[in-house]
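**Q** Sequence positions in the sequence shown follow full-length UniProt numbering and run 1 to 412.
Check each hint, because a few of them may be wrong.
[As the list claims (entries may be wrong)] Derived pair list, reagent style DSS-like, types lysine-lysine, alpha-carbon separation capped at 27 Å:
#1 K41 to K247
#2 K197 to K185
#3 K383 to K185
#4 K203 to K232
#5 K40 to K197
#6 K185 to K38
#7 K45 to K185
#8 K161 to K45
[What the hints assert, rightly or not] Pair by pair, the computed Cβ-Cβ distance ranges are:
#9 S283 to I171: 50 to 58 Å
#10 V219 to E282: 42 to 50 Å
#11 D220 to S129: 30 to 38 Å
#12 L87 to T229: 51 to 59 Å
#13 G181 to E221: 38 to 46 Å
#14 G321 to M351: 21 to 29 Å
#15 K247 to I171: 38 to 46 Å
#16 P82 to L156: 21 to 29 Å
#17 L156 to R237: 32 to 40 Å
#18 K161 to L95: 18 to 26 Å
#19 E100 to S183: 36 to 44 Å
#20 R226 to A154: 29 to 37 Å
No lab work stands behind these hints: they were computed from the structure.
For every residue, glycine included, the Cβ atom is placed at its ideal position computed from N, Cα and C.
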Amino acid sequence: MHRVKVVFGHLSPPKCSALSARPDDIVVVHGLRTAFGKAKKGSFKDTTPDELLSCVMTAVLVDVGLSPERLGDICVGNVLQPGAGALMARVAHFLSEFPETVPVYTVNRMCSSGLQALFNIAGAIRSGSYDMGLACGVESMSLRDAGEPGDVSARLMDFEKARDCVIPMGITSENVAERFGVSRKKQDAFAFSSQQKASQAQKQGIFDQEICPVTTKFVDEDGSERTVTVTKDDGIRPSTTLAGLTKLRGAFKPDGSTTAGNSSQVSDGAAAVLVGRRSVVESLSLPVLGVLKASAVVGVPPDVMGIGPAYAIPAALRQAGLTVADIDVFEINEAFASQAVYCVEKLGIPMEKVNPNGGAIALGHPLGCTGARQVVTLLNELKRRGRRAYGVVSMCIGTGMGAAAVFEYPGP
1 MHRVKVVFGH LSPPKCSALS ARPDDIVVVH GLRTAFGKAK KGSFKDTTPD
51 ELLSCVMTAV LVDVGLSPER LGDICVGNVL QPGAGALMAR VAHFLSEFPE
101 TVPVYTVNRM CSSGLQALFN IAGAIRSGSY DMGLACGVES MSLRDAGEPG
151 DVSARLMDFE KARDCVIPMG ITSENVAERF GVSRKKQDAF AFSSQQKASQ
201 AQKQGIFDQE ICPVTTKFVD EDGSERTVTV TKDDGIRPST TLAGLTKLRG
251 AFKPDGSTTA GNSSQVSDGA AAVLVGRRSV VESLSLPVLG VLKASAVVGV
301 PPDVMGIGPA YAIPAALRQA GLTVADIDVF EINEAFASQA VYCVEKLGIP
351 MEKVNPNGGA IALGHPLGCT GARQVVTLLN ELKRRGRRAY GVVSMCIGTG
401 MGAAAVFEYP GP
């Protein structure tokens with residue numbers, strides 16, 4: 001078995017008792033996301049990412065009655081915008097009418113960028129730099145494509161692992177399926193389940209508590225422009241059938257098992273999470289939606305980058321002093337059904353604990369946003385269940401990494 005290098009976040013506290021509450025705990029106060037639109041043709045195809053980001057940044061603070069002056073910093077996860085969206089984030093900041101004295105910056109750790117933003121804010125709070133911050137993620141995959149890898153040395157072709165970093169993501173999915181024996185049947189079944197769970201959750205209004213309505217413009221095919229208010233995810237397909245999924249051809253290899261139906265959707269969306277030090281949060285009479293118990297980032301082989309959660313989750317659980325059996329809900333990003341199935345089976349996670357309201361196959365995967373969205377979805381689901389519980393957020397990361405975080409919902 002290959003060696004896995006674990007890089008623990010400097011923000012992670014020592015192993016902690018489930019019932020302990022410390023004044024310096026890093027807590028989540030509130031979080032919201034936009035609905036997710038299908039890239040190129042969905043609800044947000046004509047909406048710039050700064051507008052999406054501004055919506056959630058503003059709404060999170062308004063909901064809890066917190067002035068933006070209380071924020072020590074804002075960190076925004078983004079992948080596709082030039083410079084990881086540094087200009088875009090500051091523009092969103094001013095569109096939200098936040099004061100110029102509040103700083104903002106961006107971070108790009110590929111698919112974990114939204115979660116990394118939370119790690120960064122939490123780390124700064126733990127180090128004493130400030131007491132409260134906003135962790136966000138945003139992506140417009142309508143307006144920006146993954147494109148070229150950028151300026152990298154031609155010598156990468158001489159180094160196997162470096163060369164593997166530019167393998168198309170779909171091929172890494174095929175590698176996982178082939179190397180670890182994840183059948184097409186299992187992949188399609190997982191994808192079907194994701195669509196069914198998301199459809200049911202949407203019908204029941206489960207997502208309503210986490211979605212911030214966005215009023216924006218939409219340009220029709222004839223060029224006419226109209227105003228729309230978006231409150232529902234575009235990508236959920238209630239009519240999906242297992243038979244229909246099995247008919248789809250491989251999207252990346254002629255004989256491949258990775259298809260458009262068992263892969264994540266390219267999407268547009270944003271999410272924001274308000275994070276603070278428990279003592280300050282409680283002094284302001286703000287709610288505690290969740291407690292960050294542990295975090296981890298690991299490195300794995302780039303050519304099977306999708307296995308990242310299978311190693312990041314155990315690393316985070318060890319920090320928290322917990323086991324798979326202690327966790328009530330796992331939000332594992334569904335970049336591809338192949339890697340999600342592998343990780344779930346590798347860790348022995350009961351399938352009923354995984355993405356109970358569907359995942360990226362049904363909802364979409366706006367790269368920089370996903371990690372923040374998962375935190376919002378997880379903590380709202382734990383709150384909905386109405387009792388103290390634990391949850392995990394995890395995802396694979398392009399170029400060969402995985403990230404995970406453990407949260408506790410303290411109960412009503």
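**Q** Decide, hint by hint, whether the structure agrees.
**A** The hints, checked one at a time:
1. K41 to K247: 24 Å, holds
2. K197 to K185: 18 Å, holds
3. K383 to K185: Roughly 34 Å separates the two Cα atoms, so the pair is violated.
4. K203 to K232: Holds. K203 to K232 sits at ~10 Å (cutoff 27 Å).
5. K40 to K197: 25 Å, holds
6. K185 to K38: 26 Å, holds
7. K45 to K185: 33 Å, violated
8. K161 to K45: With a Cα-Cα distance of about 36 Å, the restraint between K161 and K45 is violated, given a limit of 27 Å.
9. S283 to I171: 50 to 58 Å: Holds: the Cβ-Cβ distance is about 52 Å, inside 50 to 58 Å.
10. V219 to E282: 42 to 50 Å: 47 Å, holds
11. D220 to S129: 30 to 38 Å: Hint violated: Cβ distance 47 Å, outside 30 to 38 Å.
12. L87 to T229: 51 to 59 Å: Since L87 and T229 have Cβ atoms about 27 Å apart, the given range 51 to 59 Å is violated.
13. G181 to E221: 38 to 46 Å: Given a distance of about 45 Å, which is inside 38 to 46 Å, the answer is holds.
14. G321 to M351: 21 to 29 Å: 25 Å, holds
15. K247 to I171: 38 to 46 Å: 22 Å, violated
16. P82 to L156: 21 to 29 Å: Holds, since P82 and L156 (Cβ atoms, about 22 Å apart) stay within the stated range.
17. L156 to R237: 32 to 40 Å: 38 Å Cβ-Cβ, so the 32 to 40 Å window holds.
18. K161 to L95: 18 to 26 Å: With a Cβ separation near 41 Å, K161 and L95 fall outside 18 to 26 Å, so the hint is violated.
19. E100 to S183: 36 to 44 Å: 55 Å, violated
20. R226 to A154: 29 to 37 Å: 49 Å, violated
Of the hints listed earlier, those the structure fails to meet are numbers 3, 7, 8, 11, 12, 15, 18, 19 and 20, in rising order.
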